[in-house]
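K.L.:
Respectively, the protein sequence lines represent chains E and H.
Letter 145 of the first sequence, counting from 1, is numbered 145 in full-length UniProt numbering, and no numbers are missing.
Letter 17 of the second sequence, counting from 1, is numbered 17 in full-length UniProt numbering, and no numbers are missing.
Nothing false has been slipped in among the hints.
Rough simulated footprint, nothing fancy, chain H against chain E, three-plus residues with beta-carbon under 8 Å:
(1) 202 to 211
(2) 216 to 227
For each label pair, taking beta carbons as the anchor points, the in silico distance ranges come out as:
(3) Glu280/H with Ile231/E: 48 to 58 Å
(4) Leu215/E with Gly19/H: 32 to 42 Å
(5) Val22/E with Gly140/H: 58 to 68 Å
(6) Glu111/H with Leu289/E: 20 to 30 Å
(7) Gly157/H with Leu26/E: 51 to 61 Å
(8) Gly216/H with Asn124/E: 37 to 47 Å
(9) Pro105/H with Ser132/E: 25 to 35 Å
Just so you know, the hints here were simulated from the structure itself, not pulled from any lab data.
In this text, a Cβ means the ideal position worked out from N, Cα and C, and glycines have one as well.
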Amino acid sequence: MAAYVRSKVIVSLLVLFTVSLVGFALLHLSGDLAATLAGENASAEQIAELRHTMGLDRPLLAQYASWLADAARGDFGLSFFARESVLTMFLARIGTTAILAVSALILAIAVSLPLGMLAAVRPNSWLDWMVSGVALSGQALPGFFLALMMISFFGVTLRWLPISGSATPLHYVMPVVVLAIGAIPALMRLTRSGMMEVLEQDYIRTARSKGISSLRVMWKHAMRNAILPIISLSAVQLGTLLGGSVIVESVFAIDGIGLLTYRSIQRGDFPVVQAMLMFVSASYIILTLLADVINAWLDPRLRQKSQ
Amino acid sequence: MTALLDISGLKVDVPGRAGTLHAIRGIDLSIGAGECFTIVGESGCGKSLTAMSVLGLLPRAAILSAERMSWKGQDMRRFSRRQWANLHGPEIAAIFQEPMTALNPVLTVGEQIIESFVHHRLGNRKAALARAGELLERVGVVPVERRLAQYPHEMSGGLRQRVMIAMALMCQPKLMIADEPTTALDVTTQVEILKLLKELQAEMGMALLLITHDLGVVAHMADRVAVMYAGQIVETGSVASVLTRSAHPYTSALLDCLPTRDQPLTPIPGVVPALFGELEGCMFRNRCRFAREACADPVPARSVGEGHVYRCLLEANEVAA
Ligand SMILES: Nc1ncnc2c1ncn2[C@@H]1O[C@H](COP(=O)(O)OP(=O)(O)OP(=O)(O)O)[C@@H](O)[C@H]1O
Ligand code: SF4
Ligand SMILES: [Mg+2]
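Start from the sequences, fold in the hints, and give me the full structure.
P.N.:
In structure tokens:
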């Protein structure tokens, strides 16, 4: 197991390195950063001077090397616009986004697992139809529309929930629900189809022939097998959620990672964009690795293969 | 002697897109305490569905009906979920055809063996592990400590089937159902497993419902046999009587195609008819060398005596001749 994790970590680091290099190159080649920085009214000399002071006239590889050296020490440079360290900007927002992301995923799993399971136990029952309906409408409803509907209903009409900001736990309710509804359809479908497949297996018949309770057959025998792909999907979804949602963050006026990334891309704030790219790919890589480890821990066959 | 299991007029229908499949069409079955009863027949004749009916584990789509279906005098057709659960384990236990897939791949063998014992409150975990140890020792899955901690994929098919047997014995069932327990195993292992089953049956004094498509197994193992064809029992009786004085052309065709030293297994020519729609007359008539016009009319059951019954128009001695 330790060797398995070690080899995975090495591969992950290589992937991360490649992403950083490719991302760096693409960002530099995609436009003239100095021109963006200097503003629309700047003269050619001003731009050239800026380019020199920022070190943007050095060879790409040299620039990358110094970026990498700084990044390795946790220094991601200064934002072009905010004149603030990228790390400070990131740390100021990651808490909010992480709370949103983790709560949304937990809520999504808490809804999807039992419902998907019940739908699988009674295929084509009214419950199954309801589950498919919920999954479909969850997928069809645009997030911003849902968010606006919730604001107008729970925030404005009923005045139950605050509509903007992230000051109190109550502020998180609506954004978390909107994010969770986005994650539920895929999770619920996967639970349903996975459970249906597992319930057909011979070992479920064996378990039933032992007279143990059907709840135990479901959880202990079926879920333990069906959960493996669900864990992998959850990891990917958490990765996406950690990258932040521009729509949810702008509608609910939450200052999170999603908006920061969006604005930085718009303004060409290269150091921030590069740092966010690193953060998002690192989250994906770490989460997938974590999912692999959990799966190997749950499934002895994977454990053996990985040795 | 009152029978443990007493079934008559059992029917199983499976509705589907192509119409309703009449998979089991009125069979009678009774098994006494401690006896070895075998069901033999070609693939698809309904052996497994019969076993699953007795276990109450038919596929969801299947519809069961019966004139009588009782376990120790209790009407199984009215069993609640709870009653079925009480039956599974201490009364009826089962082992299946595919040892490779019949065990849960993500749970240890030990965990799977003990759960029925613990669930039925026959003792705590420790007592369950002790009993599991004894049984594994008995069926030859050793060293016990190591085996209990293993996962199914770490064992061979033969070992897994032994684990299944030990697992089925945990609650001392009165009837063990074994649905082609050796079909997926190599020949040497087959012999060992069958021998083990036979010994255990005697030791534990339990009844055994053994399903097979091999008349050789029937001859070695069983007290009584039912020969199934196309969802019906075409001949049944004591093994001695049925195998030596077979009265049904299908049984004698099966006997003829038993592999011998200088002649490999020869299948019966022709195919089993599809069991859809109105089914009248003898279903074997498209393959039977004695078939005549009257075979398309309903065929009554005839008795040879001593519980030896067959379903054919011929006189009992005509087939042998
Ligand atoms: N779940 C199911 N859905 C639809 N039809 C089924 C189902 N299970 C069995 N059948 C059909 O019922 C008939 C009897 O099947 P069964 O499994 O009892 O045969 P069998 O005698 O056990 O055969 P084998 O020797 O191959 O195990 C077959 O025609 C089969 O196709
Ligand atoms: S009833 Fe007719 S077709 Fe059927 S087995 Fe007897 S002789 Fe053959
Ligand atoms: Mg079968």
